[in-house]
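J.: Going by UniProt numbering, the sequence shown opens with residue 1, and the numbers climb by one from there.
What the hints contain is simulated information worked out from the structure, not anything from laboratory work. Cβ coordinates follow ideal geometry from the N, Cα and C atoms, glycine included. Check the hints yourself; a few may be wrong.
Stated by the list, open to error - Ranges of calculated distance between the beta carbons of each label pair, as one might list FRET restraints:
| hint | residue 1 | residue 2 | range |
| --- | --- | --- | --- |
| 1 | M67 | R105 | 16 to 24 Å |
| 2 | D73 | S118 | 14 to 22 Å |
| 3 | M67 | D141 | 26 to 34 Å |
| 4 | D8 | V59 | 28 to 36 Å |
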Amino acid sequence: MRRDDRDDPFDDFFEDIERMMNNIMGGDFDMHVEHYAGPGAPNGVPNEAPGETATDAHVDIYEEDAMLRLVADLPGVEKSDIDLKCDGEVVTIEASGERHNYDERVRLPCAVDETSASATYNNGILEVEFDRADDPGASIDLS
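Construct the entire structure; sequences and hints are all you get.
T.: Take a look at the structure:
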């Protein structure tokens, strides 16, 4: 638990949770809560060095007649640092830069032909286009 001389309106709440966790776990459960200390924080020092944790990428998917387009915001990485994979249903985006790491798995709303993929990366924006898969599945006869 954070111990400092500032009043925090959530202290009582966290103490209650810590007490409940101690009862459940039968021991010393320390609910140590770290806060990001970025610009504007009292000491201005982040708790973790930049680039040590994965960052969530904003991903949009656009469905068009015969194709599907995935657009992802990946600021702070170079084109050569991006690794893309697709199995026809899930796109995996892995990228790492000086300050940002991305590790995204995006389930597509429909099956795509992964061999038809074309991708571009410009100014932090990744665009990947796929043709929809021709075979939506096999039909099953009912007897």
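J.: All hints, please: hold or fail.
T.: Status of the hints after comparison with the structure:
Checked against the hint of 16 to 24 Å, the pair M67 and R105 passes, with Cβ atoms roughly 21 Å apart. The hinted window of 14 to 22 Å between D73 and S118 holds, with their beta carbons roughly 19 Å apart. Checked against the hint of 26 to 34 Å, the C-beta distance between M67 and D141 comes to roughly 31 Å, which is consistent with it. For the pair D8 and V59, the supplied restraint of 28 to 36 Å holds, since their beta-carbon distance comes to about 35 Å.
The structure is consistent with each of the numbered hints, conforming to all of them.
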